[in-house]
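Peer 1: One letter stands for each residue in the lines below.
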Amino acid sequence: MNKVFKALSDPTRRGVLQLLRERPMSAGELSDHFAVSKPTMSAHFAVLQEAGLIDAEKSGRTIIYRLVMSVLEEALLGFAQTFGWGLESKRATRVTHHKLAKRPAKGEV
Amino acid sequence: MALNRISSRIASVLPLIAIGLALANWNAKPAAAWAWAAVIVISVVMVAVQRRSQLAWSRSPGDAASVLSVESVAVAVVFGALMLIIPLALTLAHAYGLVDDPDSGMRRTNMIMVGAYLAVIGNAMPRMLPPTSSMPWGGARVQAFQRQAGWTWALCGLGYAMVWLALPIDAAGPMSIALVATAMIVTIVQLLRLRKPRPHAPHSP
Numbered sequence: 000m001n002k003v004f005k006a007l008s009d010p011t012r013r014g015v016l017q018l019l020r021e022r023p024m025s026a027g028e029l030s031d032h033f034a035v036s037k038p039t040m041s042a043h044f045a046v047l048q049e050a051g052l053i054d055a056e057k058s059g060r061t062i063i064y065r066l067v068m069s070v071l072e073e074a075l076l077g078f079a080q081t082f083g084w085g086l087e088s089k090r091a092t093r094v095t096h097h098k099l100a101k102r103p104a105k106g107e108v
Numbered sequence: 000m001a002l003n004r005i006s007s008r009i010a011s012v013l014p015l016i017a018i019g020l021a022l023a024n025w026n027a028k029p030a031a032a033w034a035w036a037a038v039i040v041i042s043v044v045m046v047a048v049q050r051r052s053q054l055a056w057s058r059s060p061g062d063a064a065s066v067l068s069v070e071s072v073a074v075a076v077v078f079g080a081l082m083l084i085i086p087l088a089l090t091l092a093h094a095y096g097l098v099d100d101p102d103s104g105m106r107r108t109n110m111i112m113v114g115a116y117l118a119v120i121g122n123a124m125p126r127m128l129p130p131t132s133s134m135p136w137g138g139a140r141v142q143a144f145q146r147q148a149g150w151t152w153a154l155c156g157l158g159y160a161m162v163w164l165a166l167p168i169d170a171a172g173p174m175s176i177a178l179v180a181t182a183m184i185v186t187i188v189q190l191l192r193l194r195k196p197r198p199h200a201p202h203s204p
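Respectively, the protein sequence lines represent chains A and B. Each step along the first sequence adds one to the number in numbering that gives the first Met the number 0, with nothing skipped, and position 89 is 88. Each step along the second sequence adds one to the number in numbering that gives the first Met the number 0, with nothing skipped, and position 31 is 30.
Bound-form chain A, shown alone:
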């Protein structure tokens, strides 16, 4: 259960689970929705797989991820989104804005 809580604590991983609720998706399709590097995305997939929340299936050269969450785990995801999502996404937005503000504009020394 600790692994499940760890997996649900990250907003990106919750986003992946949210996307997989619609349908099984390839690693590339999922990565397109997030502004993070591919190795970071792979690490997120590994955490979700270790927690038993998603399952990977190889189809040719692509890996298809699908949701294997129980009802209780889905309810936990709902709770995490309701009580944690807004706060963390606001914090993430603030950090991104801060980084963008610090980054020098084109042509600037």
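Note that these hints are calculated values from the structure, not bench results. All residues carry an ideal CB built from backbone N, CA and C; glycine is no exception. Keep in mind that the hints are not guaranteed to be accurate.
[As the list claims (entries may be wrong)] Computed Cβ-Cβ distance ranges for the label pairs, DEER-style:
{"no.": "1", "chain 1": "B", "residue 1": "S68", "chain 2": "A", "residue 2": "D9", "range": "30 to 38 Å"}
{"no.": "2", "chain 1": "B", "residue 1": "V12", "chain 2": "A", "residue 2": "A26", "range": "41 to 49 Å"}
{"no.": "3", "chain 1": "B", "residue 1": "R194", "chain 2": "A", "residue 2": "S58", "range": "18 to 26 Å"}
{"no.": "4", "chain 1": "A", "residue 1": "R60", "chain 2": "B", "residue 2": "L15", "range": "47 to 55 Å"}
{"no.": "5", "chain 1": "B", "residue 1": "I184", "chain 2": "A", "residue 2": "R60", "range": "41 to 49 Å"}
{"no.": "6", "chain 1": "A", "residue 1": "E49", "chain 2": "B", "residue 2": "V40", "range": "41 to 49 Å"}
{"no.": "7", "chain 1": "B", "residue 1": "A32", "chain 2": "A", "residue 2": "R20", "range": "54 to 62 Å"}
[Said to hold, decoys possible] Stretch-level coverage of chain A by chain B, calculated; a stretch enters the list once three of its residues show a Cβ under 8 Å from a Cβ in chain B:
{"no.": "8", "region": "16–25"}
{"no.": "9", "region": "68–78"}
Got chain A sorted already, so can you dock chain B onto it with the hints?
Peer 2: Here is chain B on its own, set in the frame of chain A:
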């Protein structure tokens, strides 16, 4: 994995407790010997099934399907054994004058167990998906059906247990039947919607 080990251990112990209680009941009420003998036989079968599934798992420990089947067998044995243990314990307590009316309590606890079992099965339902490659439309609709069916039966099981916990027995009977019938109708409607062809189905990745 830890949970699996705990549930396997509980599943190994509970049938033995049922055998012990059946022997104690046999001693207290020898007139119903056939009933206690039947309980002992059922408990021995439970032990054998549990051992057999563990043996099969030890031969292929990495196989996800065998892990799932061991878990399913353990959960079924735990619930089956509890449904024997509770009435056996109440009958024994009645034989020793500790409980006045064991029948209503027995029925209530057994029905609560049935509700809990339905909730556990419903909870696990979305995890029992076949491989995506074997499903039409990339598995999206099958996945949605299993999620909805899982929620339906988990809520039905919780409602069933709550009804038998809170309502008088006369009201709990029809109410719990109505709950199960509703869950069945909802699942059948979901299944029929799954079979209906959709012209703009999501494209398989």
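Peer 1: Are the hints correct? Go through all of them and say.
Peer 2: Okay, the hints, checked on the actual structure:
Between S68/B and D9/A, the C-beta spacing of about 32 Å keeps the proposed range 30 to 38 Å intact. For V12/B and A26/A, the Cβ-Cβ distance of about 43 Å falls inside the hinted range of 41 to 49 Å, so the restraint holds. The hinted window of 18 to 26 Å between R194/B and S58/A holds, with their beta carbons roughly 24 Å apart. At about 52 Å, the CB distance of R60/A to L15/B agrees with the hint of 47 to 55 Å.
In this structure the supplied range 41 to 49 Å holds for I184/B paired with R60/A, their Cβ-Cβ distance being about 44 Å. For E49/A paired with V40/B, a C-beta distance near 42 Å keeps the hint of 41 to 49 Å intact. The hint said 54 to 62 Å for the Cβ distance between A32/B and R20/A, and at roughly 55 Å that hint holds. A stretch counts as covered by a chain when three or more of its residues have a beta carbon under 8 Å from one of that chain; for the region 16–25 of chain A and chain B the count is 6, and the coverage holds.
Counting residues of the region 68–78 of chain A whose CB lies closer than 8 Å to any CB of chain B gives 5, which reaches the minimum of 3, so the coverage claim holds.
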